[in-house]
Amino acid sequence: MSGSRAGPIPTRADGLEIAVLLGTFGLLLLIGTPVAVAMLAASLLDILIFGLPPIISAERLSSAINSFPLLAIPFFILAGVLMNRGGLTQRLVDVSRAFVGHYKGGTAQVNVLASIFFSGVSGSASADAAAIGSMLIPTMKREGYSPGFAVGVTAASATIGPIIPPSIVMVIYGSMTNMSIGALFVAGLVPGLMIGIGLMVMVSLLARKHGYPSAERLVWRQRGRTMMYALPALIAPGIIVGGIVVGLYTATEAGVIACLYALAIGLLVYRELPLRALWGVLIEAAEQTAIPVFILACASIFGWLLTIHGFGRVVIDLLNALDLGPLGVLLFLVVVLTLIGLFIEGLAALIIFVPLIVPLIPAFGLNELQVAMIIIMTILIGTVTPPVGLQLYIAASIGKCPINHVVIWPFVAVMLAVVLCVVFVPGLVTGLPGLAGLG
Amino acid sequence: MTASPDPSAPPADRDAAGRLVRLAAVIAGAALAACVLLTSVTVVLRFGFNVSLAWAQEAGRYLFVWSVYAGVFLAVIKNSHIRVTVIADLMPPSVRRAAEFLIKLVAIASFLVVAWYGALLAFENIDREFYTVPFLTLIWFYASVPIALTASALYLLGDLVGVARRPDPDPG
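Respectively, the protein sequence lines represent chains D and S.
Those letters in the first sequence? Residues 1465 to 1903, per the working numbering, in order.
Those letters in the second sequence? Residues 863 to 1034, per the working numbering, in order.
Calculated directly from the structure, the hints in this document are not laboratory data.
Hints are supplied without guarantee of correctness; some may be wrong.
Okay, derived cross-link-like pairs now, SDA-like style, lysine to any residue, Cα gap no bigger than 20 Å in a straight line [said to hold, decoys possible]:
hint : chain 1 : residue 1 : chain 2 : residue 2
1    : S       : 966       : D       : 1487
2    : S       : 966       : S       : 956
3    : S       : 940       : D       : 1854
4    : S       : 940       : D       : 1857
5    : S       : 966       : S       : 943
6    : D       : 1864      : D       : 1854
7    : S       : 940       : D       : 1748
8    : S       : 966       : D       : 1488
9    : S       : 940       : S       : 880
10   : S       : 940       : D       : 1744
11   : S       : 940       : D       : 1745
12   : S       : 966       : D       : 1490
13   : S       : 966       : S       : 994
Among chain D residues calculated to face chain S with C-beta under 10 Å, some are [what the hints assert, rightly or not]:
hint : residue
14   : 1508
15   : 1640
16   : 1717
17   : 1744
18   : 1755
Far from chain D, by Cβ distances over 12 Å, these chain S residues were calculated [stated by the list, open to error]:
hint : residue
19   : 908
20   : 951
21   : 989
Glycine residues also receive a C-beta, built at the ideal position from the N, C-alpha and C atoms.
Bound conformation, chain D alone:
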């Protein structure tokens, strides 16, 4: 199945064409050209020099993004913002506090648990970092946590957002590879929860070492009352994730339902959502959608050129020469993508590298879901590692903490450990989609 999706393995490669394309792109990227423009300019140069029909560039820019699944992106961004402004996120934080606040480093644990709940409705790590960070980083600093620790926990736990479904990253990955977005969503559930639990264990170890405080343990009646208030917010992840897992709705439909639900609860139940704020929210969502989707559109020309020039053959020959074997190829991917993630922003890195990696799947007999999850999780690690990491910047700017003071590496270690688990135990990501009939 993976073979047909990734296309036939090319038998030869056009060396000069590939050199012009990748050389121009690399050079433009290095001098600081926006990623989308660098892809577009390199592709146009290649098309014009080697006599391909240039109208294809315009056709691809419109058609590549004329896709119903991509509509899920603004919906997931909107759902996150609506949850924050409508008071749902606050209720999720309250419930988390009621149940894990009394552990050592309680507020840090709350940070992780609330991110897990939040990720069941939102598909964006930035929304998670901004929302949970602005609620909990100031509290954590007041309670005596080091600002670097507060920022690190927030940034790391925000990455759970796009691993547990729904997920913008997975929508983009699925649309680039023609994989089932539903299967990707379901595959993310187990590793997402593993990262959540792993982060909580790490928080607990660090909290003990640094003597971070814990809150008073609540009695069950108080917990019950908090749960009651938070019930409409708490069942939202159930509705969204549940519906996706049993195949009730597609990604875009899940996005619509998440938005309508958050809107209804924010307006009618908690009554905290100001209607006037909606216009600003829409413009914000439009810009946040346009930037990655434009890269995706430009990458569709770039990826098409790589394919017709037979670039897949180059990568396959290179890895064959290294004599790695399937497991070695997966580990190689983790190492390379982790290094790339240090310097290139997450979504951009994903869009640049997926077309380069996909030819490896049939050539090395790899499982496409396993490869997808390894790529997605490793790229997300890149969003919290300095010097370039979007989640890190968002959390650090909320915490007013210099990047070099952020405690991030222990959490990165947890995330890398989960990625390695997926490398060695593919069943972690293929099992659930198989059970749901999506594998």
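Given chain D, work out where chain S should sit, using these hints.
The following block gives chain S in isolation, referenced to the frame of chain D:
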């Protein structure tokens, strides 16, 4: 969300940039609002009443494309497209200025080439109707790319001329 035009620009430039930001934001926001409404109606009708509204889905997708390209123009004005700045940050100011100049030239040339072919493509589709919406032709869909990229190229061109004229160039 506020506009962030270059603070070192003279007031007239700032006002013009501010107006353009508002215009692009209104188009992007309104197209997204219409897209969100149509798509929500489609989904609610499908789940609630088992009714399929093909035209709303098609129109929703085209509005999405318009919202994206208006957003692309907005991000050009606000200089918020994603870049890799690790190397650029290490460059001495004069090299960096030269690089910025080159980047703008490359962007202008690329946008104009694609806009030209995009316009040809749009006119090729002047008579082809939407698949499910009668009376509207596909030129409305294909026009988004040439219009947004021409506007972006013109903005960057104006910026380039402005930067060349200004004695104290912006620090980037």
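Hint by hint, work out which the structure violates, then give me just those numbers in ascending order.
-> 13, 15, 19 and 20
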